[in-house]
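**Q** So the sequence lines, in the order shown, correspond to chains A and B.
Counted the way the UniProt record's numbering counts, the first sequence spans residues 1 to 647.
Counted the way the UniProt record's numbering counts, the second sequence spans residues 1 to 285.
Keep in mind the hints are simulated off the structure, nothing from the lab.
It is possible that part of the hints are untrue.
[As the list claims (entries may be wrong)] Just so you have them, the derived chain A footprint on chain B, three or more residues with Cβ under 8 Å:
#, segment
1, 9-23
2, 195-201
3, 229-236
4, 249-260
[Claimed, not checked] Below, computed lysine-lysine pairings styled on PhoX-like, alpha-carbon distance capped at 20 Å:
#, chain 1, residue 1, chain 2, residue 2
5, A, Lys634, B, Lys209
6, A, Lys324, A, Lys24
7, A, Lys634, B, Lys173
8, A, Lys108, A, Lys515
9, B, Lys93, A, Lys634
10, A, Lys634, B, Lys265
11, A, Lys468, A, Lys345
12, A, Lys17, A, Lys38
13, A, Lys515, A, Lys525
14, A, Lys389, A, Lys235
15, B, Lys91, B, Lys102
16, B, Lys265, B, Lys91
17, A, Lys24, A, Lys584
18, A, Lys625, B, Lys209
19, A, Lys213, A, Lys232
[Unchecked claim] So these bits of chain B aren't anywhere near chain A, every CB distance computed over 12 Å:
#, residue
20, Val6
21, Thr143
22, Glu152
23, Gly181
24, Asp240
25, Ile264
26, Ala266
27, Arg274
28, Arg275
The beta-carbon is built from N, C-alpha and C at its ideal position, and this holds for glycine as well.
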Amino acid sequence: MGLLSLGSPLSWEETKKWADHVRKHGIQQLINIYRRLKDRHGDVLKWGDEVEYMLVVLDENNRTARLSLKGNQVLEQLEKRERESPNDYPASWRPEYASYHIEGSPAKPYGGLMGHFNMVESNMRLRREELMSLLDKELGETAISFTSFPRLGSPGFTDPQVECTPTVNTASRSLFFPDAAINHHPRFRTLTRNIRERRGEKVCINIPVFQDKNTPKPFRETFPNGDIEATKAAKDGHIYMDGMGFGMGCCCLQATFQACNLDEARYLYDQLTPLCPIFLALSAAAPVYRGYLADVDCRWNIIAGAVDCRTREERGLEPLKNDKFVIPKSRYGPIDCYLTPEAEKYNDIELVLDQDICQQLEDAGIDRLLARHFAHLFIRDPISLFSEKIHLNDDEESDHFESIQSTNWQSMRFKPPPPNSPIGWRVEFRPMDVQLTDFENAAYVVFIVLLTRVILSYNLNFLIPISKVDENMQEAQKRDAVRQGLFWFRKEGLPPSKCQHHQCNWSCQQEEYTKMSINEIINGKAGGFQGLVSLMNSYLETVEIDVDTRCSVQQYLRLIQKRASGELMTTARWIRAFVQNHPKYKYDSVVSGEIAYDLTKVSDEITKGVRSCPELFGTLNSRTKVSLPPVVHKNLRKENPDHDILT
Amino acid sequence: MSAVPVEEIARLMLSSTNNLTLHTGNIINWNHLKRKTSQNAGEEVLECLSATLNVWSSTVDPSWMNEESNNALVITNPNQMERISEDERSKLKVSVKIFLLKWDPDLVVEAVDQVCSELDIGVVDSVLLALPPLEAEMGEELTVNHILPIWEPMERLYDVERVSAIGTSDLDKEMLEQTHGMARVKPTINQVNVVSCCVIPPDLTAFAKENDIQLLTHSDPRDVLPTPTFQDILRGSSHDDHVDEWQPFWVLRYTVMVKCRGVIKAKGYIVNGRRHATDMPLSVA
Chain A
1 MGLLSLGSPL SWEETKKWAD HVRKHGIQQL INIYRRLKDR HGDVLKWGDE VEYMLVVLDE
61 NNRTARLSLK GNQVLEQLEK RERESPNDYP ASWRPEYASY HIEGSPAKPY GGLMGHFNMV
121 ESNMRLRREE LMSLLDKELG ETAISFTSFP RLGSPGFTDP QVECTPTVNT ASRSLFFPDA
181 AINHHPRFRT LTRNIRERRG EKVCINIPVF QDKNTPKPFR ETFPNGDIEA TKAAKDGHIY
241 MDGMGFGMGC CCLQATFQAC NLDEARYLYD QLTPLCPIFL ALSAAAPVYR GYLADVDCRW
301 NIIAGAVDCR TREERGLEPL KNDKFVIPKS RYGPIDCYLT PEAEKYNDIE LVLDQDICQQ
361 LEDAGIDRLL ARHFAHLFIR DPISLFSEKI HLNDDEESDH FESIQSTNWQ SMRFKPPPPN
421 SPIGWRVEFR PMDVQLTDFE NAAYVVFIVL LTRVILSYNL NFLIPISKVD ENMQEAQKRD
481 AVRQGLFWFR KEGLPPSKCQ HHQCNWSCQQ EEYTKMSINE IINGKAGGFQ GLVSLMNSYL
541 ETVEIDVDTR CSVQQYLRLI QKRASGELMT TARWIRAFVQ NHPKYKYDSV VSGEIAYDLT
601 KVSDEITKGV RSCPELFGTL NSRTKVSLPP VVHKNLRKEN PDHDILT
Chain B
1 MSAVPVEEIA RLMLSSTNNL TLHTGNIINW NHLKRKTSQN AGEEVLECLS ATLNVWSSTV
61 DPSWMNEESN NALVITNPNQ MERISEDERS KLKVSVKIFL LKWDPDLVVE AVDQVCSELD
121 IGVVDSVLLA LPPLEAEMGE ELTVNHILPI WEPMERLYDV ERVSAIGTSD LDKEMLEQTH
181 GMARVKPTIN QVNVVSCCVI PPDLTAFAKE NDIQLLTHSD PRDVLPTPTF QDILRGSSHD
241 DHVDEWQPFW VLRYTVMVKC RGVIKAKGYI VNGRRHATDM PLSVA
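Chain B on its own, in the form it takes in the complex (with noise of 0.2 Å):
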């Protein structure tokens, strides 16, 4: 058998699987994107989903395909793998966001449960959700009937002990209202966004005070994770005609904070993406 470039490898792998997981590990050192001046979410995603393709095309481990796996992959950056010890968990504050792109429920959970798998920890301190876009089917506006239903399963981690605190991202005032008052469980945070940090409408600041909701800000594009550049990021790492099959499913955003110190001790993503089912080569010659 004559031996086969690594990054081939990784192509097959790409090629042959239909439900994809990124992780970036932990990115707080990786300078080249603190020489920007400024750089949002987005862009951030775009160079280390890129970065850590492109590492694990370069090391990947011809062994590590999985054939039971059901075609999902999960790719970590190896380089960058920190995990959090027991005893210094109790230190430490792990915050999520999740950045919903389809209106599956489902998804939530999932997405908590990659999280603390690959930090290895049995609860998350908060998870944020930030809701997909709109669906054509759904109507020109945003419901609370929308927002209900992947609100559940957020109650259910809640519930379990598995997330300490959960909330929302980007909902105006009469949103928060009505999403607040139906949920059985109350969201405690609500974020929103950077620019109307010091504008922010009176009564969504009062509505927050008297539910003791915390308003925090992000500085999030709407769309974190469009569909080409999903697919563009893959078009590098992979051979096969289907690239333009992949839908970004969700994006996870990790930080993990010493509590109290004010030092971030990591930040990474994590993102799931999937295409539909269809005859693709599996086999490593």
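Just chain A, with the same shape it has in the complex (with noise of 0.2 Å):
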């Protein structure tokens, strides 16, 4: 969550008085944007990871885990040793949503060379050591990349245990996340404010309890003081959350990279939109909230509930008078559109946009696509606006549009370039669970990575209705979905041939997707799909690649492989079976805090590698490296002078 501008935030009717204004010149300094840079051209592939961290602490006597307040002091020690080591410090951090999170990424970007791709997980390593090494083991401080920590909201789940109720939580009004585990900065408690005043109410989070043999049936909780509110709000047989952290408190992997052209910008966002559900599913990292079993293996659902923003009428349960639009869906969710002319037949759901907008984006010289895409994400209301950020100058600032443009968390983000900087057209994949290992998240970020690199070395094409990725993206999230989902996914990846083989069976009137399982999609079907692994294969066959990075390589497919087969376990299948397996469960989904605790301990040692852990990654050992082989490091140290990739 970037973007943090100091200054003094306005409450939320002031800034819903400047929300046109907002609009107006953020679609400006978006035009702007694009008529200065739209033909910029990057030769070298740059690209990132964000891996999310949450601060633990493990209190052996007690037998508790609990989250660390002091997110912003960690953080400040990190930012002062980044700023002290600009060369040669290898990461990047950036405060979260919330006080207990922290997020960092390389210092630089990898680049386009193969050896790249053995970098990620050292380099991932290296900032994992960095933070622990800011933290007292003594007090049993550790940072663990939990998607979702299991007894978030469960009552005394923060160190230091703090004040709890609606009336202290003055931005959330939240009965279970007290405000004081919002990051300190003002930017993340006015959002939580102003997406609860917009919206008119607090937000409402109803996930499916996992009804386990003694689960009662319905599954209904009291709240603390017979909460008139919570109950009403609260449905039968689901876990209720009422606050932005439950969503926003979550930890996920996110990976970026850069286009060589807004083109392959383009193309490239909307070949990976129908991989999101995929990856979701395969990333499953979150079977547990407020100290229940769900009856999900995911995130997402939980974030688009918590910070949903949308008024009643908005969300069509009272007739149109003070909004302009119904609309579907919260601002964080799967994208709506596709935007390369090819993928426009694919776009088959209803856009709510401003119509006033597209056209001025249209008569500024921006593509009909292009345009209605940010005219739909316009349609949104600023929520965090300092006083001082209010009047801009739009051909250098850009802050207007980063306000809207950043306030929707979608599956895929298309990033234009910033003002004065060399960066280019970029694209943000953001669907994945964070795995607690540096090897699995390295896996899954080059996975990706190198799929983009596949997709554009042959051509491929994966898109299908956007209208079927939704439905993908629910089918993810459901428990198991690894092993037991279908997935709408295209037949046939390959390009309409230039066949050289008169026996093509290429038939153009069958139906161009199909149903089928994850295992088929990344591991290929004799008959059917080839399968993803299939295609990066040929590729790394093709491409000069050295023996370390090859093996690594390997290694990461092979947990992509082993996870789709289900010969390894999703972190949330393991979990739940942590959880189901646990002498002290009663088989009434209940994670008690002694649960709890054993299940981070073990976590926390997983993720040192003193406990190893084969049914979640087997044996799999990968030969990253801190920097690329000696060889190729000093030919490109000549080479980019400007040290603006990591070597």
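If you follow the hints, you should be able to join the two separate chains into one complex; please do so.
**A** Okay, here's the thing in structure tokens:
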């Protein structure tokens, strides 16, 4: 969650008054950027990853695991180190929503050589070591990449423990997630409060509980003080959550890469879209919420609910009077339209957009598809505005554009270049749950970025209608979707041939897509789709790749392949199994403090590499390195005197 | 003159030559190659050469028959040719692997010249040399004295800047060390079979590191184009009884990558085969 201008945040009423102003200038800023930079061309691939961490305190004596709220202090120290050694420091740090939450990325992007794929894991490890070096092991402090902390929102889940009532929590009014656990930077509290005030009520997240043998039926909680709002909002058989922190306080794994030009960025944005649900299912790591086993394995819908600022009118619950549109999705959700002309026929869901903004963009020379994409993003109000940043120079600054752009949290993000920087058109891949270890996180990131190289080399096409991608996104989150789910997927990823064989059986009358399992999509099926890994191996056998990188990439592919086939567990499945096999588990879906402690302790040991977990990632072992192979490193240093990529 | 079917012309052309070079053109988008879940270079060469011959046979133009060309026939896949333009060249990296099938140093230069001519380039960025199988009279074991004579043309290509980097394929630590020790221009790359990429002998790794040699992987079989296979490919497209005198002399694979972006632009094979001169019918009626 970028963008930390300092200053005085406005109240919601004031922000709302400036909403049209922000939109108007945001669009002008976008137009200015587009005009200046639409032909920007970059010759080097640059890309990076973002891994998020939770600060945890493990108390061995009391057998508790709590989230540490000293994230701000830790971050300050990390940023200081970053400032003090700008050339060698491997990491770049950013605050995240919660005060227990930190995000790290490589200090410089990775480049376009095969050897760079072998540096990801090492860099991730360096980051984790850095973070750990600032934590007090004696006090049981550690950092773990849980996608969702099992007892987030349960009583006493923070360290220090803080008061948590709707009265005290002025920003969120949550019963469970204290404002004190929100990052102290005013932006985060402002977002929390503004989302709630705009919506006109607290956010309301209901996630199906996992009905185990002894789980009460109906599953219905009694809330502190018999809270009336909660009692009405909570659904039977569901885990109820009522604050932004439940969503934005989750961790995730993201990859961003720079395309060589605008067209390539649009092409990759489109091609990766159908892969979002696939990778959500494969990375599933979040089956526990507020101390209960859920019937979902991923964080996605929880976050969608956590920042859903739509009013009752916008949600279609009341006739439109004050608001302009009925909006089908939360501002956090899967994307709504493709960007390339070839993909336009697959844009089969209604796109709610501001016609005036769309027209303005087209009049400025932006083509219809791109204009529609941005006009759709711009139906949203800004939800965080600082008084010092209201009147901007639209030629030099892009804060208003970024304000709307960065609070549309979607499965993919299409990122225009910022003004006054050498950065090009970028695409961000955002659906994945984060994994416990750097080996796994590297595997998922490398897989996706490698896949983009394969897509570009072989002109692949994975497009299916957006409505089918949306269906897939829901399917992906179901419990054990990786083994049991069926996903719409294009039958033939290869482009229509220039075919050299006479017996080319390619028939265009067939339906282009069908339902496949994750196993078929990744590993292929005889007589069916050959599988993504097969295409990637074809690529890997063609390019020049050094032995260590090849070894690591092979291990990464194997991890994904085995997760796809079910031979290895997803993190979600593993967490579920841990809970259900715990001696104190009562088959009632409750993840008690004790169970959560053991789960957290074991997760910590796995993260640190002191405990193996063959059911999660086998005995795979990469050959990751901190830098490129020596010869390549020397050559690159000569060719890349700006030192703007990692070598 | 009655119309002679094109395939017939093709067969006649093939039958009257003793030196044949086949270029598949850019096979990067040959979808059927990718429909299989895995395929090694041997299978790939076989498929591509057969397909190339088929296409050529059905589109050949008799005016291409050049009687002055000392019987050498160059067949290029007409559908797949992609020449590299000058301003593109600086952004691309052209890598070549020569699978030498005869211990003849001249073949190295010939192969490099052929790929430069086919792709219309002046310089190849890297050339890797895979050694021919040992011949009967060479003894039981490969020695550095076998390697040096065919390494020498690589050095010359490097000297005249026709090739920017030269390397070897499948040399173990012993052979690599000896070759590196005795070569005038040292190899900067050695290929290792991908099946051992996670279990490279540490002495090889150490030697490579100390001497600035990149260890790259490959998944090519020992014998990328066995003689009977080559003959079979030709048999389908020619009439004559002397098909079993053909022998493949070298196979070359080229890969063109967009530098620093990891995107493959082109990949293709060029194969050269020969047979002894015999009395061949030459004319087309």
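**Q** Would you mind marking each hint as holding or not holding in the structure?
**A** Status of each hint after checking the structure:
Counting residues of the segment 9-23 of chain B whose CB lies closer than 8 Å to any CB of chain A gives 0, so the stated coverage by that chain is violated, three being the minimum. Residue count for the segment 195-201 of chain B with a Cβ under 8 Å from a Cβ of chain A: 3. That meets the three needed, and the coverage hint holds. Here the segment 229-236 of chain B counts 0 residues with a CB under 8 Å from a CB of chain A, which misses the bar of 3, and the coverage is violated. With a cut-off of 8 Å between beta carbons, the segment 249-260 of chain B has 4 residues touching chain A; three or more are needed, and the interface restraint holds.
Proximity of A:Lys634 to B:Lys209 is assessed by CA-CA distance (about 13 Å); at most 20 Å being required, the pair is judged to hold. Note on A:Lys324 and A:Lys24: the hinted pairing holds, with a Cα-Cα distance of about 16 Å set against a maximum of 20 Å. With a C-alpha separation of about 23 Å, the suggested pairing of A:Lys634 with B:Lys173 is violated against the 20 Å cut-off. Straight-line distance between C-alpha atoms of A:Lys108 and A:Lys515 comes to about 40 Å, which puts the hinted pair past the 20 Å bound.
Restraint check: the Cα-Cα separation between B:Lys93 and A:Lys634 comes to about 18 Å, which is no more than 20 Å; the hinted pair holds. At roughly 25 Å between alpha-carbon atoms, A:Lys634 and B:Lys265 are farther apart than 20 Å, so this suggested pair is violated. For a cut-off of 20 Å, the pair hint linking A:Lys468 to A:Lys345 stands: about 13 Å separates their Cα positions. As the CA atoms of A:Lys17 and A:Lys38 are separated by approximately 32 Å, the hinted pair breaks the 20 Å bound.
For the proposed pair A:Lys515 and A:Lys525, the alpha carbon gap of about 13 Å is at most 20 Å, so the pair holds. Simply put, A:Lys389 and A:Lys235 have alpha-carbon atoms about 41 Å apart, too far for the 20 Å limit, and the pair is violated. Of the supplied pair hints, the one linking B:Lys91 and B:Lys102 is violated, its CA atoms being roughly 34 Å apart against a limit of 20 Å. Taking the CA atoms of B:Lys265 and B:Lys91, the gap is near 11 Å; set against the 20 Å cutoff, the hint holds.
This hinted pair does not check out: A:Lys24 and A:Lys584 have alpha carbons roughly 58 Å apart, beyond 20 Å. A C-alpha spacing of about 14 Å is found between A:Lys625 and B:Lys209, which places the hinted pair at or below 20 Å, so the restraint holds. Our distance criterion of 20 Å between C-alpha atoms is broken by A:Lys213 and A:Lys232, whose separation comes to about 26 Å. Remark: the non-interface label on B:Val6 is consistent with the geometry, its nearest Cβ contact in chain A lying 15 Å away (cut-off 12 Å).
At the 12 Å boundary, the C-beta of B:Thr143 stays outside the reach of chain A, the nearest C-beta of that chain being 25 Å off. Non-interface call for B:Glu152 relative to chain A: holds, since the shortest CB-CB distance, roughly 23 Å, exceeds 12 Å. At roughly 19 Å, the least C-beta separation between B:Gly181 and chain A is larger than 12 Å, which holds for a residue marked as non-interface. No Cβ of chain A comes within 12 Å of the Cβ of B:Asp240; the nearest lies about 25 Å off, and the non-interface call holds.
A beta-carbon of chain A is positioned within 12 Å of the beta-carbon of B:Ile264; the least distance is around 4 Å. Not every CB of chain A is more than 12 Å from the CB of B:Ala266 (nearest about 10 Å), against its label as outside the interface. Distance check for B:Arg274 against chain A: the nearest CB is about 26 Å away, which clears 12 Å, and the non-interface claim stands. Against chain A, the non-interface label of B:Arg275 holds: every CB pair exceeds 12 Å, the least being about 27 Å.
Going down the numbered hints, you'll see the structure goes against 1, 3, 7, 8, 10, 12, 14, 15, 17, 19, 25, 26, while the others check out.
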